[in-house]
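Please build the complex by placing chain B on the supplied structure of chain A, with the hints as guidance.
Here is how the chains run, residue by residue.
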Amino acid sequence: EAGVAQSPRYKIIEKRQSVAFWCNPISGHATLYWYQQILGQGPKLLIQFQNNGVVDDSQLPKDRFSAERLKGVDSTLKIQPAKLEDSAVYLCASSGETWGSDTQYFGPGTRLTVL
Amino acid sequence: GEDVEQSLFLSVREGDSSVINCTYTDSSSTYLYWYKQEPGAGLQLLTYIFSNMDMKQDQRLTVLLNKKDKHLSLRIADTQTGDSAIYFCAPYGGDSSYKLIFGSGTRLLVRP
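Chains as they are written, first to last, in the numbering used here: chain A, 1 to 115; chain B, 1 to 112.
Next comes chain A alone, as it looks inside the complex (with noise of 0.2 Å):
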């Protein structure tokens, strides 16, 4: 079985430039997530799908991120325009039914460098 997919697995832009990545999630999983993990830290929930509609994006800075799951499968995570503390790597993950709990796996993550 596939697992999940990221691309690009590296992107270096300067500040206030846009920037774009794509998560295509383990085929069938419904629940699909986006997570930053700032160096030296632990990954953050930036915001949570199930099928194609959004079920926490408590903690997304709406006003540079945006996030979208068109047709429940795929996703893309915007930033516009980006700050230096966007750098960070930028974690997809997804979870289906299995032993009973929302178990998430993860896919190799997008590293951003914001100049």
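Any given hint could be a false lead.
Said to hold, decoys possible - FRET-style restraints, in silico, Cβ to Cβ:
no., chain 1, residue 1, chain 2, residue 2, range
1, B, F50, A, S58, 23 to 33 Å
2, A, S18, B, E5, 31 to 41 Å
3, A, G72, B, S28, 28 to 38 Å
4, B, L8, A, I12, 23 to 33 Å
5, B, R111, A, Q41, 23 to 33 Å
6, A, K78, B, D69, 42 to 52 Å
7, B, S27, A, Q50, 22 to 32 Å
8, B, Q57, A, G96, 20 to 30 Å
Calculated directly from the structure, the hints in this document are not laboratory data. On a predicted model such as this, the values are computed, not experimentally measured, just so you know. Glycine included, every Cβ here is placed at the ideal spot set by N, Cα and C.
Same frame as chain A, now just chain B:
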């Protein structure tokens, strides 16, 4: 909200056992996960324990849960250099509204 604490660093010799500890605050967490993160990689699910269990063993991994003290530990037997990574515990469920809450992780260094 939920708070998760882990020691930042652990160094062990190859072949020894490693014990990584975690404390959390939400006693109503239903599952408690352990993830491993190697340099430049995403998070790899290692194991999990349901909150009504005290112990779970999975090959070289043993998870112990003390629900009264809200303390979770991961023991790795016969630690190998390939086990060098950052380990995150992540409670799930309860008052955290069914989100995974991560601590800052424990960096495990295995010396040859």
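To see whether the hints hold, each was checked on the structure:
{"no.": "1", "hint": "B/F50 x A/S58: 23 to 33 Å", "verdict": "holds, 27 Å"}
{"no.": "2", "hint": "A/S18 x B/E5: 31 to 41 Å", "verdict": "holds, 37 Å"}
{"no.": "3", "hint": "A/G72 x B/S28: 28 to 38 Å", "verdict": "holds, 30 Å"}
{"no.": "4", "hint": "B/L8 x A/I12: 23 to 33 Å", "verdict": "holds, 28 Å"}
{"no.": "5", "hint": "B/R111 x A/Q41: 23 to 33 Å", "verdict": "holds, 26 Å"}
{"no.": "6", "hint": "A/K78 x B/D69: 42 to 52 Å", "verdict": "holds, 43 Å"}
{"no.": "7", "hint": "B/S27 x A/Q50: 22 to 32 Å", "verdict": "holds, 26 Å"}
{"no.": "8", "hint": "B/Q57 x A/G96: 20 to 30 Å", "verdict": "holds, 26 Å"}
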